[in-house]
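Protein chains: 4
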Amino acid sequence: MKKGLASDNYAGVLPEMLEALVEASRFHAKSYGYDDFTEKAKQEFVKHFGNNIEVTFVFNGTGANVLGIGCAVESFNSILCADSSHLYVDESTAPETFTGCRLIPLATDGEGKIEIETIRNGIIRKGDEHYPQVKVFSIAQPTEYGTVYTREELLAIGELLKKHDIVFHMDGARLFNAAVSLSCSLKEMTRDAGVDILSVGGTKIGLLFGEAVVFFNKKYSQNLRCRQKQSMQLPSKMRFISAQFHRLLRDEIWIKSATRANEMADRLFEGIKNIQKIKITKTVQANSIFAIIPAEWNESLQDLMPFHIWNERTNEVRWMCAFDTEERDVDEFIRLIHNLDNI
Amino acid sequence: MKKGLASDNYAGVLPEMLEALVEASRFHAKSYGYDDFTEKAKQEFVKHFGNNIEVTFVFNGTGANVLGIGCAVESFNSILCADSSHLYVDESTAPETFTGCRLIPLATDGEGKIEIETIRNGIIRKGDEHYPQVKVFSIAQPTEYGTVYTREELLAIGELLKKHDIVFHMDGARLFNAAVSLSCSLKEMTRDAGVDILSVGGTKIGLLFGEAVVFFNKKYSQNLRCRQKQSMQLPSKMRFISAQFHRLLRDEIWIKSATRANEMADRLFEGIKNIQKIKITKTVQANSIFAIIPAEWNESLQDLMPFHIWNERTNEVRWMCAFDTEERDVDEFIRLIHNLDNI
Amino acid sequence: MKKGLASDNYAGVLPEMLEALVEASRFHAKSYGYDDFTEKAKQEFVKHFGNNIEVTFVFNGTGANVLGIGCAVESFNSILCADSSHLYVDESTAPETFTGCRLIPLATDGEGKIEIETIRNGIIRKGDEHYPQVKVFSIAQPTEYGTVYTREELLAIGELLKKHDIVFHMDGARLFNAAVSLSCSLKEMTRDAGVDILSVGGTKIGLLFGEAVVFFNKKYSQNLRCRQKQSMQLPSKMRFISAQFHRLLRDEIWIKSATRANEMADRLFEGIKNIQKIKITKTVQANSIFAIIPAEWNESLQDLMPFHIWNERTNEVRWMCAFDTEERDVDEFIRLIHNLDNI
Amino acid sequence: MKKGLASDNYAGVLPEMLEALVEASRFHAKSYGYDDFTEKAKQEFVKHFGNNIEVTFVFNGTGANVLGIGCAVESFNSILCADSSHLYVDESTAPETFTGCRLIPLATDGEGKIEIETIRNGIIRKGDEHYPQVKVFSIAQPTEYGTVYTREELLAIGELLKKHDIVFHMDGARLFNAAVSLSCSLKEMTRDAGVDILSVGGTKIGLLFGEAVVFFNKKYSQNLRCRQKQSMQLPSKMRFISAQFHRLLRDEIWIKSATRANEMADRLFEGIKNIQKIKITKTVQANSIFAIIPAEWNESLQDLMPFHIWNERTNEVRWMCAFDTEERDVDEFIRLIHNLDNI
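Residue numbers (our numbering), protein chains in the order written: chain Y, 1 to 343; chain D, 1001 to 1343; chain B, 2001 to 2343; chain F, 3001 to 3343.
If you're looking for bench data, these hints aren't it; they were derived computationally from the structure. Computed from a prediction, not measured in an experiment: that's the story for all the values here.
Here are the simulated DSBU-like cross-link-like pairs (lysine-lysine), alpha carbons at most 30 Å apart as the crow flies:
1) Lys126/Y x Lys2002/B
2) Lys1126/D x Lys3002/F
3) Lys162/Y x Lys3219/F
With the C-beta cut set under 10 Å, the calculated list includes, among others, these residues of chain F facing chain Y:
4) Phe3098
5) Thr3099
6) Gly3127
7) Leu3224
8) Arg3225
9) Arg3227
10) Gln3228
11) Gln3230
12) Leu3234
Don't be surprised by glycine CBs; every beta carbon is placed ideally from N, CA and C.
Turn these sequences into a full structure, and let the hints guide you.
Now the structure itself:
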């Protein structure tokens, strides 16, 4: 199918990842993560996130989130998260079935970000056995709407959670795009802000498959391997995930890939922001644009570059750029929009 | 790490699978299995297993088993399986946690196969609310011990289960090796024997990753996609699994790969079967050999070709051949054994 | 402890219930509900709710709700309920842990009732495997705030749910108080409105212990006994619950008991409604009053009759009447309020 | 229904328990166990079991077992228990559904007792993430077959478990009968032997309903109330269970009741032990007799006193005595047996 703006998981695979896979397939290697590729990949995580962490590699984003959170909870706990988060609206009941816990949805500021006051109001009834005891707070960085928490916002959240002994979980399905957006290191945006458990997305940045889970607080990774196996997220040929992450981090391909995706979103935004008939609905900070456009444009635009209608009622659309979005793709798309606008 | 006999998931990747992956990565494709590669792969399954089936692709073997079985049970049910099966002894509590059900272990005949009388004795207390109601019977074909149920044995099991309205699940992590061993089609060994739900192993036959689940009885696949998402086994870039299976089946690479593995096991067996100090403990029918050997041989042999000590008490070892085991590997291993025997 | 207005489960036991227990204890009886008391109690339910129903008896309200709902769902489903409902805020994670499903909180009209438009907006993404599929809608009648859905409101809800193939669950922890409030039969308020599964509270109306679950739609009770045992809610001496329900229904003690409790709440309401310093926050329709009172009154009032501070921030209090609340209790309480008001 | 030998939960209620219930119903009391009756009952447990314990009261035996064990496990754990135990064969999948863990059945010595060597062989693969990690070992005292572990056997088990850091759980559904059988204190048979978590049966000794859970190791009761609520075993009117236990222990009614039941079993045993056509199959140590009798006797005997056919194939029957079995009941039953024997 033709290249489009539908999703960064419609995209293919970064050429460097294919190279890494071919290389990793040349020899035998121990299964279930006891291989050298996995060891080397973990070293790259240490370089990027600091010492004294625990890292593992899993198949997919839902697996990363559920495994990470699952390591921190008991079944009478609850998990606070944005009511628009992927965790809440796009991962079926995986969190509940696997952990037995409750997800409690928090309202957002309209751009997918949770305000600190909202978190504070969600931390209630501690010690009351009748109420699911709040144990984890989870955000996505960037959010489902492509917005990015600032480092100051993250720090404030981290402090609040620490005070209440609540685990800080970050769903970084598009973590690299956020880091590039904030021009900060991966560590500054996660560990330094007080994040305890982190999902790091590989698939959307251009891996063939695979995500990572990072524990900054080893208290929660004590039984990691048991939970990973139990949650069906312990790959037998783990090296084929870790080899990709190794390459992604070592050669800073993540910077190149995320920068490209973010820049293309920005280029698109710049090209259309002044069109009266388009209403940009969320601040453009990473690699996606949310906009309300005339419904009669959908067909022509999707013909050129497929994308998702996010909200059928308002005709809000999502345009998602990826590592393989090219300037000419974007420019052609902008041109068509201007043409439609001028009809 | 050097090539060995440790496990077929220590092996690398079939070159044709790498080709298929590179090809599938060239274009954009719909996510979550709505792509053309997946459609074409399903058509290959229809060719091999017959019409009117449901197929999906998942990450790993535990996921395939738990998803398949999970589609057939309610949480007050039980699942009968061999006490030595991978499902029972090597998949942590994934089945219990995800289904709420009980696994009930059945004794085997010493070679990992469950006798029909044992199954019959396990089907008890129907309608008694105090007892987990038996709903699924699961075997591995071949078994953990590399033995293979004959088609007659499978048919007899299928009939018994049908009579008691019990779902027949087959864990085919090494299904292709069994089919080659029995010189029968995939369909004859599964659907024709009354199997309802089947896990088809890809990783061990030479895929980079990925397994399939096949439903011959669509009654159990009604909510398949919901359960697949919920069990964290719905790959966003599913095409990278299906493209491999498509190639594996279309070009009959599975026959080549399984034949090679089985033949190498047979070659090894023939080369050592007359050695007095070695006791072959399980009938060699697929791609593995179980044997009790003198413990003092372990070091030299593992130096040449690493393998697992299956039972430390008796020094029973497992030698597992894969698609990439070569004649000269085997011959060299045999030679070393003879040398050790003659010291 | 002295009699109070804290909760109807602080109250003792209706004398007729004690008589029924003593009587049921005189002989041996089959265990687990296969006894005559249970049979006779079920007949009373048929008299009150109509033919072709399934009834069972359980230990407590959380058990009744979770068992009833559990019979209707698969683990990838979701359950819509009021964000202020007992099910959502006072039953820990029992629903999630037992069913694997998600509870989705719906906003209420400020009095604990869910508006039909809110329900409609909650029924989304049918067939989308990424989203927990909505299967059950649950209300409490009366609500946590002592308000009562009218028969017309219930009918409208029932129709909407039927259209979307969603199960209508009613938590009737105080069902009898609602029926008396609406001056309708138990059947009119439940079955006739389209309720599929009903929890009937015994403990709060004056039983020593015990609740009932009624299935108007037998599709959901097919595996009832298995699920009941599995959810640890199958009493071995079930007769001691059913004997009480038998008596409660046969002799219409529920009418007497609920009428008393409702009348006492009404008497209290009438006695204080004109006091300026008190703000009645919820319409008084059953056996409780919610009111914001001056915080400095708490101590004196609780000294006389203990009660719960519902909302510490606003000093909203809950005064709950029971079958054993007497006119002189209420009058004395009213007198004290007037005294406090006049200081 | 007439008095029989079917089960001690067919029996009625000890008169002292009814008295205690009536007394506890006279006043209001705090709900959910924060009442004085519960406090006083806990003091009685301290008197019988020693200081520094945690006690709570639940509805039924399955609830007691699952709650107690649930407090000690994580979902990747396994629980070793007798393959004939109530926990394994008569509690549906309650343990799996609530804990996510596996129950692993151990063979017994033919009398329902697990030999120490069998336990030792079950403690395997520690630290291996592929295998459910053994965390709890559970026995019933007395066993399902009415046999009783000696204090020496219990001590040996306790020591072995301690060495392997495995939690010792005891299902004491008929604990009092065992204590009377061993002529030891409740503490000697439990805490002193190393038991960590204990279910104490009330229903079978003559309560109207209710069981207790005792934690000798408070490490496991840290989240007790949350887990109790979550497992639907937190009674709102808990005082009606605790008041019975208070009386049972304070007035040593348990000794009287258990002694009576045991003596009646012994009287029956003595009266029939020399009859050739009867084969006593299990050592008679508590309040039940297991025997193979001529099938043609069933009807006449059950006509006089109903009982369970335990094994239809061999016509092994179970005769269970209770607190209300009388000497004349037993003597009449013995007489009938002799008559049948002489036909």
